[in-house]
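Peer 1: Letter by letter, the chains look like this.
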Amino acid sequence: MRHSTRIAVGPVQFRVGSDWAEPIAGLERLYAAYPQDDARPADATVRLFAARPWRRWLRPSVHIGGDFIVPDALPLPLSMGLLAAEMGMNLQVALGWRRHMLLHASAVAKHGRAIIMSGESGSGKSTLAALLGEDGWRLMGDEFTLIDPASGDAFAFPRAVSLKNQAIAEVAGRVDPSRLGPLLAGTPKGDIRHLIPRADAIAAMHEPARPALLLFPRFGGEAAIEPMGEGEAFVRLTEASTNYVALGEAGFAALTRLVRETPAFGVSYPDSATGMALVEQLWAEAVR
Amino acid sequence: MSAVQTFVDLLAGRRDAATLTRRDWDGVIGVARAEAMLATLACRLEQAALRPPVAALLADQRAAAEVAQRQALWEAEMARRALKGQRIEFVLLKGTAYAAAGLSCAAGRQIGDLDILVLRSDIGRAENDLLEAGWEWVKSDPYDDAYYRDHMHELPPLIHKARDRMIDVHHTILPQTHRITPDALILMAEAIETPSGFRVLSPPAMACHCAAHLLADGDLQGGLRNLWDFHLLVLDFLKDDRDFYLTLIEEASTHGLAKVVKRALRLANRIYGTPLRSYSWPFRLEFEREWDDDLFIRRLLARDEWGHATGFALQQAFYIRSHWLRMPPAMLARHLWTKWRKR
Chain A
81 MRHSTRIAVG PVQFRVGSDW AEPIAGLERL YAAYPQDDAR PADATVRLFA ARPWRRWLRP
141 SVHIGGDFIV PDALPLPLSM GLLAAEMGMN LQVALGWRRH MLLHASAVAK HGRAIIMSGE
201 SGSGKSTLAA LLGEDGWRLM GDEFTLIDPA SGDAFAFPRA VSLKNQAIAE VAGRVDPSRL
261 GPLLAGTPKG DIRHLIPRAD AIAAMHEPAR PALLLFPRFG GEAAIEPMGE GEAFVRLTEA
321 STNYVALGEA GFAALTRLVR ETPAFGVSYP DSATGMALVE QLWAEAVR
Chain B
37 MSAVQTFVDL LAGRRDAATL TRRDWDGVIG VARAEAMLAT LACRLEQAAL RPPVAALLAD
97 QRAAAEVAQR QALWEAEMAR RALKGQRIEF VLLKGTAYAA AGLSCAAGRQ IGDLDILVLR
157 SDIGRAENDL LEAGWEWVKS DPYDDAYYRD HMHELPPLIH KARDRMIDVH HTILPQTHRI
217 TPDALILMAE AIETPSGFRV LSPPAMACHC AAHLLADGDL QGGLRNLWDF HLLVLDFLKD
277 DRDFYLTLIE EASTHGLAKV VKRALRLANR IYGTPLRSYS WPFRLEFERE WDDDLFIRRL
337 LARDEWGHAT GFALQQAFYI RSHWLRMPPA MLARHLWTKW RKR
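Protein chains in written order, with the working numbering: chain A, 81 to 368; chain B, 37 to 379.
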């Protein structure tokens, strides 16, 4: 491919190729501070390509390809190339990664223990993780949390956080502007702006953390904490895992152990400040 | 050296994995993933000395393939239970058969759908049994459904509603409208039983089906994997029958597949180094190259270092060829017309 770059996020080494320079330049800016081993081959390949040669220039539209593809995925305009790259990287991990059980969940950690937050998009799990990551916690990731089937430990996947809509203003006010990517307005997922995690979170990205809390946040409604049984947490996490079925018995054992050993709560909150306070409250009770 | 050439050289054992650069590996892993053969490569290189990141990635693939294979065999067991009541005999085909029979090519092989072969006279009862056991029709389009039933060699695909796994129930191994019409009755009659109690095709029939699937039924997509299966089937069967070539060609001749099988042997020889042996008695068997073998080789190796398919014109040519083989011209015209109108 004409343009390419290599990025390592957590345990996954990517190579990203593109027909255009812009998405690669955007990625290289977001991931400039991530450690890089040039001798390490790529686990996963992402391709951003024009379906027809002339579409490189004429109404350029970015198709997402790579090792794994979604057959009917719609292309994105070149102005959203960075989002295409992000979606491509997520897709390769979701469909191709087998070393860990993948949970579609954000996570933060402190003193080697992790809070894992799982929820549909719009639940606020990314925003909460990003805000906690600016407030004394180590950000492990806003999209995937990796569970090692052998040890039960959580591993980080601290890609650049994908802030959406109202979360952009909420987080942008608290961080150095140099840690923010360009505003991608009006994407199929709303407005998006990437946040580069703090340097210490990136430096610690290979360090495992012991799961201490499983939270299922829900943005909107009265502040409430509801203890959740092992069974419900289990079923919800099977739905939040992209490779639970593919891992077979190892996946079942890892997930069973996770819900047995980790207290789980549903958390409803009307605004981020309340959400963070509830998380801190549960944390204080969990580590006591 | 192109990535795809390095990939087949590694499989064939012509290249030492320790000599690969990071760039070589990028290409090889990309190509192997695109061909759904990364776990196959991982099994092939299990004993090789590799740098830790590559070793870890390949170990992941082996573990995943083992789980996937167990799931595929479980699916075969589910079919056995569903078809037991009516005592419908069935034979496993392709990936699941290789795994059930413990053949070399099963190591790391990706298994998609469950493919089984039943007698044509049993096909209606088999469909009923499967529907009662929780499988459902996938295609809702009436034209496609009728097309399958009238012209194909299998039922429209069924998917299990709880396990989300597909089963293809065949009554022969090539479409009914194909220029070549293998004798399904012989295939069923000569099938053998594996230690696990499943029935699979006899060795020569299995190799014939593999070659037919590769060269006579489709546009050679995923061809490197099918050819690798064929290569290892031949090596496995040569162990028990040093004149397996003769057994194979004899079987192929009864199904009209002799040309197809000979080509598969020549291609496997050129890509994976399958040993060939010529005979002048009891019948003449030689492997002279044909003018279009090179086109097949080019089609099989058409991938760039990003795992992306190249050679668009050649791809299209093989796509058209697959349809040309599959149905007579008037029918092809009618089929394409119907498909085009429905776009």
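Treat the hints as calculated values from the structure; they're not laboratory data. No residue lacks a Cβ here, since even glycine has one placed at the ideal position from N, Cα and C. Heads up, some of the hints might be wrong.
Stated by the list, open to error - Part of the chain B face toward chain A, derived, beta carbon under 7 Å: (1) D62; (2) V90; (3) F319.
Peer 1: Look at each hint and say if it fits the structure.
Peer 2: Cross-check of the supplied hints:
Because the closest C-beta pair between D62/B and chain A is about 5 Å apart, less than 7 Å, the hint holds. With a cut of 7 Å, the hint placing V90/B at the interface with chain A holds, because the nearest CB-to-CB distance is about 6 Å. A distance limit of 7 Å between C-beta atoms decides the matter here; for F319/B the minimum to chain A is near 46 Å, and the interface restraint is violated.
When the structure is compared with the earlier hints, a violation turns up for hint 3 alone.
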